[in-house]
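Number of protein chains: 6
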Amino acid sequence: MRYGKEMVQMLKEYRWSNRFMGSRECYDESDVIMVGAPMDYSVSYRPGARFAPQKIREVSYAIEEYSPYVDRDLSEVRFFDVGDLELPMGNIVSSLEIIQQAAREVLEDGKKPIFLGGDHLITYPVVKEVYEKYGDQLRLLHFDAHADLREEYLGERNSHASVIRLCSQFLPSKNIFQFGIRSGTREEFKWAGENLNFYPFEVLQPLKEVIDVLKPYPVYITLDIDVVDPAYACGTGTPEPGGCMPHEIFQAFRAMKGLNIVGMDLVEVNPVYDTAGVTSILAAKIIREAMLII
Amino acid sequence: MRYGKEMVQMLKEYRWSNRFMGSRECYDESDVIMVGAPMDYSVSYRPGARFAPQKIREVSYAIEEYSPYVDRDLSEVRFFDVGDLELPMGNIVSSLEIIQQAAREVLEDGKKPIFLGGDHLITYPVVKEVYEKYGDQLRLLHFDAHADLREEYLGERNSHASVIRLCSQFLPSKNIFQFGIRSGTREEFKWAGENLNFYPFEVLQPLKEVIDVLKPYPVYITLDIDVVDPAYACGTGTPEPGGCMPHEIFQAFRAMKGLNIVGMDLVEVNPVYDTAGVTSILAAKIIREAMLII
Amino acid sequence: MRYGKEMVQMLKEYRWSNRFMGSRECYDESDVIMVGAPMDYSVSYRPGARFAPQKIREVSYAIEEYSPYVDRDLSEVRFFDVGDLELPMGNIVSSLEIIQQAAREVLEDGKKPIFLGGDHLITYPVVKEVYEKYGDQLRLLHFDAHADLREEYLGERNSHASVIRLCSQFLPSKNIFQFGIRSGTREEFKWAGENLNFYPFEVLQPLKEVIDVLKPYPVYITLDIDVVDPAYACGTGTPEPGGCMPHEIFQAFRAMKGLNIVGMDLVEVNPVYDTAGVTSILAAKIIREAMLII
Amino acid sequence: MRYGKEMVQMLKEYRWSNRFMGSRECYDESDVIMVGAPMDYSVSYRPGARFAPQKIREVSYAIEEYSPYVDRDLSEVRFFDVGDLELPMGNIVSSLEIIQQAAREVLEDGKKPIFLGGDHLITYPVVKEVYEKYGDQLRLLHFDAHADLREEYLGERNSHASVIRLCSQFLPSKNIFQFGIRSGTREEFKWAGENLNFYPFEVLQPLKEVIDVLKPYPVYITLDIDVVDPAYACGTGTPEPGGCMPHEIFQAFRAMKGLNIVGMDLVEVNPVYDTAGVTSILAAKIIREAMLII
Amino acid sequence: MRYGKEMVQMLKEYRWSNRFMGSRECYDESDVIMVGAPMDYSVSYRPGARFAPQKIREVSYAIEEYSPYVDRDLSEVRFFDVGDLELPMGNIVSSLEIIQQAAREVLEDGKKPIFLGGDHLITYPVVKEVYEKYGDQLRLLHFDAHADLREEYLGERNSHASVIRLCSQFLPSKNIFQFGIRSGTREEFKWAGENLNFYPFEVLQPLKEVIDVLKPYPVYITLDIDVVDPAYACGTGTPEPGGCMPHEIFQAFRAMKGLNIVGMDLVEVNPVYDTAGVTSILAAKIIREAMLII
Amino acid sequence: MRYGKEMVQMLKEYRWSNRFMGSRECYDESDVIMVGAPMDYSVSYRPGARFAPQKIREVSYAIEEYSPYVDRDLSEVRFFDVGDLELPMGNIVSSLEIIQQAAREVLEDGKKPIFLGGDHLITYPVVKEVYEKYGDQLRLLHFDAHADLREEYLGERNSHASVIRLCSQFLPSKNIFQFGIRSGTREEFKWAGENLNFYPFEVLQPLKEVIDVLKPYPVYITLDIDVVDPAYACGTGTPEPGGCMPHEIFQAFRAMKGLNIVGMDLVEVNPVYDTAGVTSILAAKIIREAMLII
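Each protein sequence line maps, in turn, to chains A, B, C, D, E and F.
Residue 1 is where the first sequence starts when you use full-length UniProt numbering, and the numbers rise one by one after that.
Residue 1 is where the second sequence starts when you use full-length UniProt numbering, and the numbers rise one by one after that.
Residue 1 is where the third sequence starts when you use full-length UniProt numbering, and the numbers rise one by one after that.
Residue 1 is where the fourth sequence starts when you use full-length UniProt numbering, and the numbers rise one by one after that.
Residue 1 is where the fifth sequence starts when you use full-length UniProt numbering, and the numbers rise one by one after that.
Residue 1 is where the sixth sequence starts when you use full-length UniProt numbering, and the numbers rise one by one after that.
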């Protein structure tokens with residue numbers, strides 16, 4: 001019959017693609033690979049980040065592919081959204097292995113990964129693989145409300161509150177740059193001040209100051225949505241009042257244009273607490289702005 | 001690279017299919033065709049039924065393909081979910097035409113349509129096409145809280161409150177069977193009592209009584225979710241207290257096993273008001289039970 | 001009996017008036033006429049704007065009639081809230097006609113209309129009538145997140161995404177001033193840049209710059225609530241992160257004091273997604289500030 | 001101008017009346033008077049019942065004036081909805097006085113009052129006035145999940161948990177009939193069993209048994225919405241699982257047809273917790289059914 | 001100062017106790033021990049059961065200690081609520097060990113445990129310890145919508161969908177009684193029918209039939225709140241339409257009075273999806289009824 | 001048994017303490033005393049502030065005890081959270097007496113009170129007692145969106161809208177400093193301008209200007225959360241668009257470091273309308289910042 005001819009024209013094409021808006025149809029011809037990592041079982045306070053990758057894809061169709069900020073369009077970016085990894089619910093160790101394997105494959109294929117969390121712990125296996133490829137050249141840019149430098153949290157080393165500390169086990173701590181941190185223990189702030197490139201409270205100003213320093217190096221960006229104030233992003237696990245505004249994040253990405261960005265992730269969006277869907281839409285817009293400058 | 005070999009194994013397959021659980025991958029080899037009709041602009045009180053088809057598909061994965069009630073499994077049914085029709089928002093006339101064309105194609109291909117509304121007005125063009133094929137043999141079974149027999153509603157003839165009256169323009173009124181009606185104007189109740197096979201308030205009992213009468217005829221089923229009590233289905237446009245329980249609907253479908261069902265629709269699920277998603281899950285379960293007896 | 005004497009003193013007067021706070025009781029002795037246009041069927045993403053006029057009236061009683069910003073009080077403004085137009089649900093063409101007729105009557109009576117949407121498409125028939133009266137003298141000020149310059153949207157020309165383009169069919173495009181636009185296709189941005197007085201991203205600064213230019217002309221204001229950032233106005237159909245703050249809108253109206261404002265509308269408030277009612281309250285406050293400078 | 005001629009035809013008349021659907025326009029020509037008593041400050045657990053009268057009026061337009069259960073229409077009942085009393089927030093003593101005065105006026109005018117709560121304490125001043133008129137002939141029918149027989153609650157005698165006990169101070173306890181009670185202290189159950197006509201757990205069966213006994217007397221009905229199971233009425237202050245279904249209440253009113261009902265109230269609907277508005281709609285439907293048999 | 005003398009009298013005592021209503025102050029003098037197990041990381045669809053124990057305690061104060069159904073009061077039961085176990089978030093293996101250790105301690109002290117989940121997987125370590133004490137005498141009564149007999153779920157053996165299958169590894173399958181099951185794979189239903197005492201769909205009727213058979217044995221009860229219909233209990237992870245009503249559960253416990261109940265758990269309440277708190281209140285009432293017959 | 005040895009180590013200590021994070025265990029050894037005053041019955045628009053003290057305590061555990069802003073930790077502050085006062089619901093007069101008595105005791109013991117409202121009326125009895133102790137030396141700093149200077153509100157003098165006017169009956173009006181006020185009647189603004197130190201609209205700038213003037217005096221701070229913009233604090237009774245940002249409040253407290261603060265309160269947080277809990281978290285963070293500078 002004519003299925004494929006007439007009816008197909010009536011179908012809402014975009015509805016059938018539950019890939020991020022503008023995704024190519026094919027992995028091989030793409031340079032940037034988006035992967036969902038729906039893990040949230042290390043979260044203590046409010047679970048639900050597992051739903052974020054699908055929600056962000058869904059609401060991405062509520063914004064435009066074109067960014068008037070940089071006068072570019074997602075159609076100019078060769079990226080492919082492979083979807084969500086299937087993770088064994090509640091098994092952190094296996095989940096981290098699967099995420100790491102996915103990161104390895106993308107990197108071995110010479111492509112750049114963009115991971116959608118899930119909670120912040122997903123950054124650990126990804127950065128491990130990125131480090132595997134780039135070694136001590138790698139610079140890690142961390143945007144967050146929380147320092148995430150705990151040695152353990154509620155008895156677990158594998159926690160979203162420890163993720164940057166875990167990364168510092170293999171990555172030289174001086175390669176790590178933290179921006180916007182406004183919550184942590186005194187120990188975390190002390191350790192960060194002594195060991196990292198630590199820029200608490202502020203995002204845009206210190207970033208601009210270090211851009212030139214970063215230029216020679218491969219850079220990985222990890223962005224916890226709670227770096228933005230909860231007024232703009234209430235859909236997150238541990239909202240912390242006093243954060244930056246969305247346009248500072250948009251400007252931050254424009255400032256990073258020209259850096260050799262080799263991967264990134266956006267984590268801790270929590271659709272269960274995302275009133276009116278605004279946090280997910282913000283995440284989709286940040287992803288768009290990021291992809292247009294990578 | 002190995003995309004398609006290793007990573008594919010990690011992906012949540014079901015997430016990538018946003019077809020209803022158990023849908024085949026192919027239209028041609030299927031006997032039953034599910035079509036989403038996301039129209040809700042004739043609704044006066046609470047819009048949002050446009051989101052129902054996608055929501056019902058999504059939550060279908062929260063129940064099982066296997067029905068212990070009838071010891072059958074969706075894998076035994078050859079059905080294909082073609083997705084949502086693309087309708088011009090706010091243009092009722094064009095939307096009805098597109099829905100009618102989709103129904104025509106499915107019927108011409110010798111398949112049975114299952115439409116997911118959308119508001120109840122979508123039933124009108126579908127029944128029109130089914131009547132085109134089966135003529136005066138056709139029997140229409142209507143499960144609803146509301147009689148939907150208005151001659152017009154807020155000045156519009158094309159209204160979800162008029163849909164059965166519209167059908168009675170071409171379908172002999174004595175071919176129409178109404179069950180569970182518990183709300184309407186005095187005129188509607190009077191007209192229904194005089195012209196239709198009218199069984200107000202009750203669902204299961206009167207249905208069982210007429211089953212034998214229906215056996216020789218092709219039967220089309222239209223089910224407005226608000227026939228069920230709002231305790232079980234609050235996610236609907238015009239909730240009306242005093243409805244039946246879900247198991248009566250399940251039993252109704254088992255009672256209809258053996259009838260020559262040539263099509264059906266399920267309408268007026270409204271995800272915007274569907275607290276905790278329970279109405280959408282109920283709709284998915286009704287669809288499963290229905291497909292297992294068709 | 002004494003109903004009207006004693007019991008009336010006990011009744012909450014304001015509850016009985018479901019007009020906007022401070023409305024006079026009479027059309028004839030008022031200079032400004034508020035009309036609700038509960039249409040939202042051209043909206044693709046999140047319906048519900050139809051409930052906005054009633055909700056805005058209801059919450060208007062949660063703020064004060066007195067504005068300390070301009071030291072004026074609504075009691076000093078002779079305005080009358082006539083209520084909501086009765087529109088045939090889902091019938092765009094008829095609805096636009098009814099809205100246009102209402103605008104015509106108000107204008108013919110020498111009064112200034114304030115329309116409460118409803119979706120943005122309601123602006124089209126109102127501006128048409130205003131243009132009918134003022135001709136090419138008319139200047140249109142458009143505050144919005146979206147350019148609304150689509151030639152069609154999902155196959156419909158009559159769409160809230162096309163409303164300013166529709167207006168440009170009769171109104172010289174150079175008479176149109178757009179402020180705060182931060183989302184659209186490349187084509188829309190290009191067309192706006194070439195044809196309109198186009199001030200994207202910013203609201204207050206460019207407005208102040210053109211105030212003197214506008215002084216000789218009759219001015220109509222159309223304000224889409226999503227020009228404000230979704231942090232302050234999440235209750236809208238297509239929230240777009242990165243907007244202005246409420247005080248910029250308040251200041252914008254103070255800047256427009258002295259202009260010959262001949263009408264205005266406020267559209268796209270959506271109570272269904274208006275968490276805690278804050279967007280509706282913001283809309284009521286904007287209306288108050290607007291009426292005090294008209 | 002033509003305001004009153006053309007535009008008025010466009011206005012949604014019913015929206016302008018925020019009286020209960022079907023209310024007459026005039027107190028004097030009505031036999032039944034509906035009064036809102038938005039008091040909820042004696043509630044300990046979940047405030048919000050103050051919003052019930054307005055909410056019930058609003059949603060009354062989502063059901064029909066015609067009841068197919070009894071084949072009657074609200075247009076056949078001469079009733080007038082006077083609106084909400086203005087009560088001084090937080091001042092129980094003054095509020096009770098105002099409610100009592102309103103009840104007195106209605107009764108003195110030879111009309112029957114229907115009070116919409118508010119919390120259950122509002123029943124106290126109303127029954128006091130009804131008793132003033134009818135004396136020891138009066139029978140009080142109380143439908144509730146809770147016995148409301150506390151001697152005090154959190155140190156207050158004037159509490160919604162004490163309201164029936166308060167009534168028993170003037171009304172002979174043997175004139176009080178309790179139905180459906182399923183929660184209370186042991187003391188309350190013991191006292192009720194010894195002093196009242198006490199029918200715990202069940203509603204319809206015991207009511208039918210005492211109908212004949214009640215026939216000679218003037219009867220006042222107080223109905224706490226939580227007598228219905230929270231599945232059907234979650235929008236209430238102290239939901240108690242295990243209640244009756246809505247149709248039992250509808251049937252109860254039909255059973256009471258023929259009694260000399262001299263007044264009634266419906267209390268403890270709480271819109272703040274009324275998901276999807278279903279509880280308010282149920283309340284409106286109960287009111288309709290009640291008015292049709294009074 | 002007089003803190004402890006005067007001010008203490010003003011404090012809301014119950015607020016300070018966040019133990020379940022009626023809990024003694026001391027472990028040693030209690031016979032029944034309530035333990036919260038806030039684990040939910042094996043849940044695939046909707047996390048949040050971790051918040052259930054605290055929520056159930058909190059809302060327990062909204063019902064009464066006295067049960068009119070059995071004319072008993074919680075003050076007659078010597079029970080102590082020890083609070084929530086501290087579990088390492090996301091670490092299933094360690095969490096199960098901690099839960100098992102807690103169960104062991106309670107049992108070694110000659111007391112009866114009541115565990116509040118958390119997800120259903122918590123039942124596994126508890127039953128393991130109970131079996132350790134009672135051996136093959138132990139009978140397991142399982143009330144649920146789902147069979148929970150998967151051999152694995154999403155690659156994990158330690159899953160809430162496998163919990164009864166896990167128990168059958170040490171407990172003879174003929175010692176297991178399942179009631180109310182209405183969802184599962186065909187394999188689960190087949191396996192249950194062949195190996196267990198399997199009573200699908202119904203709860204009360206089959207329970208009454210086997211009561212006498214159970215009398216000689218120590219009995220452990222595990223109750224998944226989703227055995228109740230989602231109309232009454234929407235706050236759960238995987239709502240399945242078609243369940244029983246709350247009063248059937250209350251009656252089931254009264255039917256079990258006289259059995260030698262040696263422990264129980266109540267699982268899968270999910271406060272995140274618990275609209276209006278009704279599911280948590282239902283859980284608290286079930287716990288009360290259960291404790292009064294143990 | 002070993003309860004107290006092993007199991008206790010497993011228990012979530014903080015869960016068992018429902019005191020504010022970091023509270024000492026003992027009143028006597030503390031200098032600052034936190035008291036909850038769950039009164040909200042003078043609120044007209046949206047009740048629910050009664051739940052604020054418990055909610056703020058609960059979410060306090062979602063932030064850190066350490067403030068990186070001032071490099072101090074709550075462990076350095078000797079404070080004790082005594083919990084909520086037990087107030088007779090709906091009885092304003094008695095409630096005010098109980099609150100006043102609690103304030104008196106704390107002050108007589110030479111400690112500083114921090115009251116958590118509740119609505120703003122609770123400030124009245126507390127300031128009365130503070131004035132009792134410090135006399136005309138006392139300075140009152142009032143941060144709010146509303147002037148709260150009504151002579152009466154809906155017929156009640158004891159209203160949250162009158163609280164500062166009530167205080168001015170005993171406290172010389174020139175001792176009162178108002179910041180951030182952006183809503184009120186013309187009379188209130190006029191009276192404030194003539195009688196108080198009145199700094200409308202702005203918070204931080206005018207506060208800095210008067211710091212030196214305040215240094216010699218004992219200062220009491222009353223902070224209504226609605227001084228912050230509703231984008232950051234939608235969980236409040238009467239949200240008023242156009243407020244300050246959270247960091248201005250944090251900076252205000254740092255500016256007040258060194259003042260002789262003798263007590264404070266934080267009022268009008270309303271958890272019922274607190275989407276995603278962000279307002280409560282903000283309140284907890286303000287309390288932390290405040291206690292670290294007192």
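It should be emphasised that the hints constitute simulated quantities derived from the structure, not laboratory data.
Please note that a few of the clues may not be correct.
No copy is singled out in the list; a pair is fine if it fits within one copy or between any two copies.
[Unchecked claim] No farther apart than 25 Å at their CA atoms in a straight line, the calculated lysine to any residue pairs in the SDA-like style are these:
1. Lys-128 <-> Thr-275
2. Lys-128 <-> Asp-71
3. Lys-257 <-> Phe-201
4. Lys-190 <-> Gln-251
5. Lys-208 <-> Asp-109
6. Lys-133 <-> Pro-200
7. Lys-215 <-> Tyr-134
8. Lys-112 <-> Glu-187
9. Lys-215 <-> Tyr-153
10. Lys-133 <-> Met-245
11. Lys-190 <-> Leu-259
12. Lys-128 <-> Gly-22
13. Lys-174 <-> Tyr-69
The structure displayed is predicted, hence computed values, not measured ones.
Comparing the hints with the structure gives:
When the C-alpha separation of Lys-128 and Thr-275 is checked against a cutoff of 25 Å, the pair qualifies neither within a copy, at 34 Å, nor between copies, at 37 Å. Proximity of Lys-128 to Asp-71 under the C-alpha cut-off of 25 Å is found in neither arrangement, the shortest distances being 34 Å within a copy and 33 Å between copies. Both within a single protomer and between protomers do Lys-257 and Phe-201 lie at most 25 Å apart by alpha-carbon distance, with minima of 23 Å and 20 Å respectively. In the homo-oligomer, the alpha carbons of Lys-190 and Gln-251 lie at most 25 Å apart only across protomers (22 Å), although the nearest pairing inside one protomer, at 29 Å, exceeds that limit.
With identical chains, the CA atoms of Lys-208 and Asp-109 are never at most 25 Å apart, being 32 Å at best within one copy and 53 Å at best between copies. In this homomeric assembly, Lys-133 and Pro-200 never come within 25 Å of each other (Cα to Cα): the closest approach is 29 Å inside a single copy and 42 Å across copies. Proximity of Lys-215 to Tyr-134 under the C-alpha cut-off of 25 Å is restricted to the intra-copy arrangement: shortest distance 15 Å within a copy versus 58 Å between copies. Taking the shortest alpha-carbon separations for Lys-112 and Glu-187, neither the intra-copy value of 34 Å nor the inter-copy value of 30 Å comes in at or below 25 Å.
Neither within a single protomer nor between protomers do Lys-215 and Tyr-153 lie at most 25 Å apart by alpha-carbon distance, with minima of 35 Å and 43 Å respectively. In the homo-oligomer, the alpha carbons of Lys-133 and Met-245 never lie at most 25 Å apart, since the shortest distance is 34 Å inside one protomer and 43 Å across protomers. Proximity of Lys-190 to Leu-259 under the C-alpha cut-off of 25 Å is found in neither arrangement, the shortest distances being 29 Å within a copy and 29 Å between copies. For the identical chains of this complex, Lys-128 and Gly-22 are neighbours neither inside a copy (29 Å) nor across copies (37 Å), given an alpha-carbon limit of 25 Å.
Proximity of Lys-174 and Tyr-69 under a CA criterion of 25 Å is satisfied inter-copy only: 24 Å between copies versus 33 Å inside one chain copy.
Comparing the model with each earlier hint shows violations of hints 1, 2, 5, 6, 8, 9, 10, 11, 12; every other hint is respected.
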